Amino acid sequence: MDVERTKLRGLSPLEEPRSPEELRVRQLKARDMLRGDLEGADLDRYVESRVLTTTLERAQNWARGNSLFPATFGLACCAIEMMSMVSARYDTARFGAEVFRASPRQADMLILSGRVSIKMAPVIRRIYDQMLEPKWVISMGACSSSGGMFANYAVVQGADKFLPVDIHVPGCPPRPEALIYGILKLQRKIFGEPDLGWRRRYEAYGTEEEERPSKAGPLPIERVGATPAAGIVEGRGPAPTEAELHTAPTHPELTGHEAEDAFEEAAEDERVRPSRPPSGWGGDA
Amino acid sequence: MPDAPGLELIAHEINGRHQGAVVGSTYEHGQAALLADKDRIREVLAHLRDSPGHEYRALTSLHAADYLPAEPRFAVHYELLNMARVERLRVKALVPDGGDGTMPELDSVVDLFPTADFQEREVYDFFGIHFRGHPDMRRILMPEDYVGHPQRRDFPVGGEPVIFTNTEDSVPGWTK
Chain C
1 MDVERTKLRG
11 LSPLEEPRSP
21 EELRVRQLKA
31 RDMLRGDLEG
41 ADLDRYVESR
51 VLTTTLERAQ
61 NWARGNSLFP
71 ATFGLACCAI
81 EMMSMVSARY
91 DTARFGAEVF
101 RASPRQADML
111 ILSGRVSIKM
121 APVIRRIYDQ
131 MLEPKWVISM
141 GACSSSGGMF
151 ANYAVVQGAD
161 KFLPVDIHVP
171 GCPPRPEALI
181 YGILKLQRKI
191 FGEPDLGWRR
201 RYEAYGTEEE
211 ERPSKAGPLP
221 IERVGATPAA
231 GIVEGRGPAP
241 TEAELHTAPT
251 HPELTGHEAE
261 DAFEEAAEDE
271 RVRPSRPPSG
281 WGGDA
Chain F
1 MPDAPGLELI
11 AHEINGRHQG
21 AVVGSTYEHG
31 QAALLADKDR
41 IREVLAHLRD
51 SPGHEYRALT
61 SLHAADYLPA
71 EPRFAVHYEL
81 LNMARVERLR
91 VKALVPDGGD
101 GTMPELDSVV
111 DLFPTADFQE
121 REVYDFFGIH
131 FRGHPDMRRI
141 LMPEDYVGHP
151 QRRDFPVGGE
161 PVIFTNTEDS
171 VPGWTK
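Line by line, the protein sequences give chains C and F. Mind the numbering: the first sequence is residues 1 to 285 in the working numbering, read in order. Mind the numbering: the second sequence is residues 1 to 176 in the working numbering, read in order.
Hints listed in this document are in silico derivations from the structure and should not be mistaken for laboratory results. In this text the structure is predicted, and so the values were computed from the model without any measurement. Be aware that a few hints might be false.
Stated by the list, open to error - Computed spacing ranges between beta-carbons, pair by pair:
| hint | chain 1 | residue 1 | chain 2 | residue 2 | range |
| --- | --- | --- | --- | --- | --- |
| 1 | F | 158 | C | 103 | 31 to 37 Å |
| 2 | F | 144 | C | 66 | 40 to 46 Å |
| 3 | F | 164 | C | 103 | 39 to 45 Å |
| 4 | F | 158 | C | 53 | 53 to 59 Å |
| 5 | C | 103 | F | 53 | 55 to 61 Å |
| 6 | C | 88 | F | 170 | 47 to 53 Å |
Unchecked claim - Sample of chain F residues lacking proximity to chain C, with all beta carbon distances greater than 12 Å (derived):
| hint | residue |
| --- | --- |
| 7 | 7 |
| 8 | 15 |
| 9 | 30 |
| 10 | 46 |
| 11 | 66 |
| 12 | 68 |
| 13 | 77 |
| 14 | 96 |
| 15 | 102 |
| 16 | 108 |
| 17 | 110 |
| 18 | 114 |
| 19 | 132 |
| 20 | 136 |
| 21 | 170 |
Every residue gets a Cβ at the ideal spot worked out from N, C-alpha and C, and that includes glycine.
Build out the structure end to end from the sequences listed, making use of the hints.
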């Protein structure tokens, strides 16, 4: 089928009909389609208007970011704020992060809500290791981020000494709104559009520890039998060796539209197959 | 709580039965304390627990203090309570440092007061005072592989130096 490629904005079937007549037209079209009376260009247009296209990665990230399951794990007084975060007053269910799972096997977000004592650190590390990929960590409050007021022999001076932390939420303790704000920041990171924070302020782009995905998300496309044209589609093949990482120039960043175009260009080619899925954004240990 | 003359009477009575077991007494801020010879602490506590007229049957707390640079350096405090009279008495065992890297030692009172079990472990954990005859002398709060006894006054506080604008001259390795 020759698919007509139009921008889908404004064509969503979920959009409210603007008038009763329009609703009637829609209903009749749907009836025709079900009867098999719709043919040719009409059928194409009908299908097109009811299908949303995107990349698998984006859909995946969208689903992941909007269904964060935190582990039921409180460390100290911050845990009180963490608990009230799911209450009706603050209601993090609005952002899909309200299901505190009782097992780390079912959770994908760990909130370090309190000071981490040196005796607790190996326990937290084990819980983190038991969580399935992809997984994210929010360090909540001053204590788990830096030791806070506990500058002593018993408390780890910053939880990122023993596990990768994605978001640091300041406060002592942070209010539930602050934690929800941290979760929203984490969502943006999961969607592949991380806030750059101080890097934006000091124009320190490109100094991230992790490779920044392009706006359209990772594009696992490569052409069979031909090397991809440079600068069009940056296929993510096998992971580069460490030496390559240090010597290779940074990948040319594709803005959203360029990447979309590149994707469509590649999709029109029949000889296209997706490569292996890229390593996810949410850091591995 | 016995008053100051009562405390002297108690000290005199114990010294009459156990010569030299009580080395002194202090009465400050309305609180009475007997200073006991560390090697005879069991005699003192057993006497206070069992003899008629005293009957301090409860040990409400056992803890230690490091008085560095004073000598003897440590003291183990026993807080006794007579529940019938609601009367409290503190007994301090003065414990000098072991010297030459050895641990200061003291007799355990677990068989007299079973509650002393965990509290003596805590004192061992944080002050490094070994209790002879304790059934299970090991750390209770700090990790088992921890090195040092962190509540001693010569133990570093820990934490990490943080540079503020008012401390940037004093933090080593940091220049303006």
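State the violated hints by number, sorted upward, taking the hints as numbered earlier in the document. none
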